[in-house]
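Read off the chains here:
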Amino acid sequence: MENDMVVNNPLRALGLDEKAGDGAQPTMGLVMARAGLGKTAILVQFALDCMLLGNKVLHVSIGEGIDKTRTWYDDILALLTAGERMDDIPGAMQNRMIMTFKESSFSKALLEERLDDLVQQNIYRPECLIIDGYDFEKNTKESLEEFRNFMHERGLKMIWFSAVSHRGDDRKSVDGVPAPCHEVDSLFETVLLISPEEDAMKLNIVKCDTCSIDPGSTLMLDPSTMLIRKG
Amino acid sequence: MNKDLSKVRNIGISAHIDSGKTTLTERILFYTKRIHAIHEVRGKDGVGAKMDSMELEKERGITIQSAATYCNWKGNDINIIDTPGHVDFTVEVERALRVLDGAVLVLCSVGGVQSQSITVNRQMTRYNVPRLAFINKCDRTGANPAKVTQQLRDKLDLNAHMMQMPIGLENDLAGMVDLVTMKAIYFDGEAGDIIREEEIPAALLEEATEKREALLEEISMFSDELMEALLEGGDIDNGLVYDAVRKGTLALEFTPVFMGSAYKNKGVQLLLDAVNQYLPCPTDVTNMALDLSNDEKEFEVSNNPDDPLIMLAFKLEDGRYGQLTYIRTYQGRLAKGDTVYNSRTGKKVKIGRLCRMHSNEMEEIESCGSGDIVALFGIDCASGDTFTSEGISCSMTSMHVPAPVISLAVIPADNKAQVNMSKALNRFTKEDPTFKTFVDHETGETIISGMGELHLEVYIERMKREYNALVEVGAPQVAYRETISQRADFNYTHKKQTGGSGQFGRVAGYLEPIEEGDYEFVDNIVGGVIPREFISSCDKGFQKSLEKGSLCGSPITGVRCVINDGAYHAVDSSDVAFQLAAIGAFKEGYLKAKPIIMEPIMKVAVEGPSEFQGAIMGSINQRRGMIIGSTEEGSYSVIEAEVPLSEMFGYSTTLRSLTQGKAEFTMEFATFKAVPKGVSEELVKAYQDERKKG
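Residue numbers (the numbering used here), protein chains in the order written: chain A, -14 to 216; chain B, 97 to 790.
By construction, these hints were calculated from the structure, which means they are not laboratory data.
Note that CB positions come from ideal geometry on N, CA and C, so glycine has one too.
Among the clues, some could well be false.
Unchecked claim - Covered stretches of chain A, as calculated for chain B (at least 3 residues, CB under 8 Å):
no., region
1, 48 to 58
2, 72 to 79
3, 122 to 131
4, 199 to 206
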């Protein structure tokens, strides 16, 4: 089961799985798409891959509840396996914690405080951080730089963000990273963009400093499941 | 009997404990003229509220059992189930929700949405129950209905909007502004039964107009006509507003919020109007049944009184009128003298008396129709049984009944108490599917088990009060289970020849773990090596072995016993010999099958100010808890975790001292999981020590 998951996972397909291993340089990644196109599904696949490689994942969901986030994990896992749930996999639950925040109350400082509570009391020491729902329009480049520092200081292996792009906004960075992240793209090693194409979804590798795949190449996703399509 | 189903409402009143729902029900009965005087829950007149019919409920001021009652408001028949507020009795809430079409979620205007409200709301969502919210106790110091409405949105994720606005609050609560009719409503007379409609006070008009506009904008998404009318401008017909709110409510996409103070007799009549106006009638709701003659395929019940009868027994009570069975009819008609069939047992049942219950008083009726909730006399059945007309074989969807997680020993004081205790336990187990009882053969003690300490405590009190059964009670014990973790073979011969006829039987096969179910017996014997008549003896022997595991004395579950070989003796083999052989075989296989101890794991939700989040998480961690996640919403946080029940004793005290009494928690059973090695060793040692002593 684990093999199936890892092989079919975008993280492995991008050659980023080594980043989840010990001793690798920490990396910050970004999944972008228009609203409702499956950013969370991709993030959850990254998270599951990290978990099954033995890492502890902290999934920060901004604006969504715990139950909804848990359902994402169960649904993606069920698609990747023969209908298994998180509870069915021994040890898997120990490798995931979900924190949800209201949009208005989330800040890096608050997350840091919560994380310190967990680490200092030896409750949970995350290695991979997923931040779903971060508002790139309201937050500054400095805030993201703080996250980068935070990643290094706390010994995190990776942080993955999701960001919503808008159809009418054509602004882009030199590397082709669309707004609202076009001015902060230098902070991310990897930027992926989900875009629909006929009966499939494309996962465009807009930027990837450390991937085994070249920027500009594309992975195909099944639009009904958002899983990477088997070659 | 009311034939027009659009004029029937089956509603529940659910809430956090102490939010005043029993007082609210009392007022509903008063205004609908079912009772002629008001008695408070903890009133000085000593009568107690009508719905709290049990002595214990009156004394504690809480509602333990849901009592069904019926009233009529402005031409609509309303069946009300008063549901308990404490988390230990949620099976009552769940059973009530299963048969209801709509519900009123009562909240305290000071306490707001508390953890039990979250549990109740989750249950309502599970059973797709459309709901109204009633913010009670607006006369209390600190009342803030707007804040509570916001909590409904934030904490319960409901699209909640105030349909009214208070005129004054706390001691100055005078009435409400109806945001649909844009009138000020006051409640005059000693019992608030004279309703006076006035123009909105000038000081509130602007705010009321703004709130109405926001409300109309919100509900316009449920009605194209209302949307068009709003776009066109001009006066809006109230009928359009009512229809839109109703549509949103029935689709579970909108929660209209009402307010008042039941205790001060304010706002209750308007809530009743809202029940008529916005909550569904039986035909608005889809109820599914299982076709037992077609592989349990789901089908929709018709609600048609002319179709064959389908009804569900959702509650049993053994009161002063004898055995009472509360039923909900889903289609067809039932009359006194009819014969119906119990789908589970296949037995024919003749309906003797048919009543509407009004708390603990009754009103005999001749017949009832689809959508009704009534009580029957003298019907022998279990809670959850489906009754039908002859010729159809179906069952209503089974109810979710959680497994008991806690047990304690009850020891009767004398012989008389023993007899009375048996009667009491017999009744309680029939009434409540989560309450179980059995005799521990080794100690001879009667063990009762249920959903929490308070759950069992209440039954012990009832035993004393209602049955005069004086019992001594042991310390609460966690209901551990044992199971096996791998396949193991056995080959055991039971041989005894000590004078007289001997005993002989050999049983061989294997044990293996199963994921679903407690026990399976598989007979793979060929060639008659164990004669047919002794196969069931083997089964019996295995089942006896499951009663008590050798690790910690807990029942063994999740085991498949397969027999594939054996031997017998023409003279010495017997039923007893093969039972003993199976017991020996199980013992042999069990230890080889790496048995483990399983413990109940509870889903715990702790809610408190965010500043205590770290301390709360630490306290959960110390209790072997696994934190699933946390929700942070401004100044408060909810932490969800899975924690072994054995670690939760005394947690309320710990939590209080950690959080200056500002946090609270709820828990419900989640699953059974293997205990860690260290705990397992302790349990095994404790059991062995106990056996040595015993």
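Quiz item: When the hints from earlier in the document are held up against this structure, which numbers fail?
Solution: Going through the list in order, the structure violates hints 3 and 4 and respects the others.
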